[in-house]
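Novice: Sequence:
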Amino acid sequence: WSGTLWIGVAAGAICVVSAAVYWRLEDNATRKYELGKAGSIDRLKFDKGMFQFSRSYWLIVGLCFTFYSAIFPFRTFANKFFQHVHFSVLEPDVANQSAGFFNSLLPLSAMIATPLFGLLVDRVGKRSLFMVLGTFLLMPVYLLMLSPEISLWVPMVMMGIAFSLIPAVMWPSVAYIVEEHRLGTAYALMTLIQQIGFFAFNWLIGWANTQGAASANNPGGYALGMYIFSALSILGLVFAFLLRRSETGPGGHGLETITAGSSK
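If you use our numbering, the sequence shown corresponds to residues -14 to 249, in order.
If you're looking for bench data, these hints aren't it; they were derived computationally from the structure.
Mixed in with the good hints there might be a few duds.
[Unchecked claim] Label pairs and their computed distance ranges (CB to CB):
1. -3 - 202: 35 to 41 Å
2. 78 - -8: 14 to 20 Å
3. 192 - 1: 33 to 39 Å
Every residue, glycine too, gets a C-beta built ideally from N, C-alpha and C.
Model the full structure from these sequences, guided by the hints.
Specialist: Here you go:
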């Protein structure tokens, strides 16, 4: 595992260097240019005021929770799942490489497609509609993966589109719904709830795989975990549909338009 760990060390070093370079550029810009005054600052405070957001905001938070809980905990177990369900007839080294390749398709697709989806949404609007589309694509993915007769390319392409489309639309949409001075609290709370999902469903899926005795000799043991992921996807679709209905009504925040402030 030393090679893999050194890759992580290199990635961390790049992050530190990049942050230092950014700080230097920001410092130079501050001294050379006259910048506008910053607005009022909002911080995450654990009081009743932190929950005073619109219905649309909470629907986006619900979608964020279900979407990321269905994606990242799955990726935690994906390599073993792929090896045991789809590549069990291959040599162990080949199976491991093949599983790693398919698991890496998600970040690869996000690097390419997320900016493109962002540009598309900036031109046409329809943000809540795109969130419905993304969650709809994700919904059947886990059930398709349970069948070794179905090529992994089919569900992974569908998941890759959803993994690129939903974040490109969901995170910027918060700025349409929440007042500027409360964006700090809104994003912090949204991220907090997202992390709770990571914790809870990594544990829950591990428990489900243990209960099902999931292994290369018993690939059917993964079914319970995949049903849980499917249920999350269905719940995410419900949140996205309710958000779409809310934003196309008289109380919309402009998610369906190119500019904020109108639901028309």
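Novice: Now, for every hint given, state plainly whether the structure supports it.
Specialist: Hints, one by one, checked against the model:
{"no.": "1", "hint": "-3 - 202: 35 to 41 Å", "in the structure": "holds, 37 Å"}
{"no.": "2", "hint": "78 - -8: 14 to 20 Å", "in the structure": "holds, 18 Å"}
{"no.": "3", "hint": "192 - 1: 33 to 39 Å", "in the structure": "holds, 36 Å"}
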